[in-house]
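Novice: All chains, full assembly: derive it from the sequences and hints.
Protein chains in written order, with our numbering: chain A, 1 to 115; chain B, 1 to 115.
What the hints contain is simulated information worked out from the structure, not anything from laboratory work.
Keep in mind that the hints are not guaranteed to be accurate.
[To be verified] Covered by chain A, per the in silico footprint, the following chain B stretches (three or more residues, Cβ under 8 Å):
1) 7–16
2) 43–51
[Claimed, not checked] Keeping only pairs whose Cα atoms sit at most 27 Å apart, straight-line, the calculated BS3-like set for lysine-lysine is:
3) A:Lys78 with A:Lys68
4) B:Lys102 with B:Lys68
5) B:Lys102 with A:Lys78
6) A:Lys24 with B:Lys68
7) B:Lys102 with A:Lys68
8) B:Lys61 with B:Lys49
9) A:Lys78 with A:Lys24
10) B:Lys61 with B:Lys102
11) B:Lys49 with B:Lys102
12) A:Lys24 with A:Lys68
13) A:Lys24 with B:Lys102
14) B:Lys49 with B:Lys68
Heads up, the beta-carbon is just placed ideally off N, CA and C, and yes, glycines get one too.
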Amino acid sequence: DAGVIQSPRHEVTEMGQEVTLRCKPISGHDYLFWYRQTMMRGLELLIYFNNNVPIDDSGMPEDRFSAKMPNASFSTLKIQPSEPRDSAVYFCASSLEPGQAYEQYFGPGTRLTVT
Amino acid sequence: AQSVTQPDIHITVSEGASLELRCNYSYGATPYLFWYVQYPGQGLQLLLKYFSGDTLVQGIKGFEAEFKRSQSSFNLRKPSVHWSDAAEYFCAVGSSNFGNEKLTFGTGTRLTIIP
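Specialist: Put into structure tokens, the structure is as follows:
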């Protein structure tokens with residue numbers, strides 16, 4: 001298996017622009033998680049899905065952030081409009097059904113820079 | 001609410017020396033506990049986990065951790081470190097309640113290995 005795939009690996013954009021981050025989970029995994037990592041705040045859970053349905057989005061910073069999972073093999077995290085404080089590394093992770101949901105497999109991350 | 005404290009931000013160890021990374025958690029019931037490792041430029045990788053049973057758990061790469069309920073701790077150990085162990089290490093706690101599959105991560109401990 002190729003593992004969790006994220007694209008792009010690096011994104012540089014200007015303030016106010018829309019940013020879309022993409023994730024392909026490991027095939028057969030029912031859970032998908034989006035995290036943000038910064039020096040100041042560490043690793044934060046933004047949202048997670050179970051069987052394509054959002055379960056908990058309490059970590060989404062504000063309305064500028066949205067996430068979708070249209071099918072079992074694809075998810076997006078969108079920021080519109082982007083701001084410099086959104087600069088971070090965004091990770092996607094996936095895991096199997098309940099009981100093993102904590103064995104999360106992380107993608108390589110997308111490093112976002114908003115200027 | 002669950003939380004994790006990793007009191008050491010940065011630790012430097014000589015190659016071949018023993019290692020112990022500290023982790024303290026806060027959780028009302030029996031927690032699920034994890035250690036993840038992050039190598040530079042990569043996502044997190046699971047080292048080991050504790051759900052129940054034997055309080056000394058073995059992980060990959062020669063790591064082990066001991067759950068001590070009385071001290072609310074889950075410290076990570078390795079008898080002899082290798083230069084390739086240089087990375088950031090994250091302790092995490094998960095809820096044992098079905099339907100709440102979130103992990104809460106500590107702020108991480110950066111491990112430097114010197115010759």
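Novice: All hints are to be evaluated individually against the structure, with a verdict given for each.
Specialist: Hints versus structure:
1. Residues of the stretch 7–16 of chain B lying with their CB closer than 8 Å to a CB of chain A number 0, which falls below the three-residue condition for coverage.
2. Three residues within the 8 Å Cβ limit are the bar, and the stretch 43–51 of chain B against chain A gives 5, so the coverage statement holds.
3. For the suggested pair A:Lys78 and A:Lys68, the alpha carbons sit about 8 Å apart, so the restraint of at most 27 Å is met.
4. Restraint check for B:Lys102 and B:Lys68: the C-alpha separation of about 22 Å stays at or below 27 Å, so the hint holds.
5. Annotation: proposed proximity of B:Lys102 to A:Lys78 holds, straight-line Cα distance about 21 Å (limit 27 Å).
6. A hinted pair counts as satisfied when its Cα atoms are at most 27 Å apart, and A:Lys24 with B:Lys68 does not qualify at roughly 37 Å.
7. Restraint check: the Cα-Cα separation between B:Lys102 and A:Lys68 comes to about 18 Å, which is no more than 27 Å; the hinted pair holds.
8. For the proposed pair B:Lys61 and B:Lys49, the alpha carbon gap of about 14 Å is at most 27 Å, so the pair holds.
9. For a cut-off of 27 Å, the pair hint linking A:Lys78 to A:Lys24 stands: about 15 Å separates their Cα positions.
10. Of the supplied pair hints, the one linking B:Lys61 and B:Lys102 holds, its CA atoms being roughly 26 Å apart against a limit of 27 Å.
11. Proximity of B:Lys49 to B:Lys102 is assessed by CA-CA distance (about 15 Å); at most 27 Å being required, the pair is judged to hold.
12. Restraint check: the Cα-Cα separation between A:Lys24 and A:Lys68 comes to about 12 Å, which is no more than 27 Å; the hinted pair holds.
13. The straight-line distance between the Cα atoms of A:Lys24 and B:Lys102 is roughly 20 Å, inside the 27 Å bound, and the hint therefore holds.
14. With a C-alpha separation of about 14 Å, the suggested pair B:Lys49 and B:Lys68 falls inside the 27 Å cut-off, and the hint holds.
Hints 1, 6 from the earlier list are contradicted by this structure; the remaining hints agree with it.
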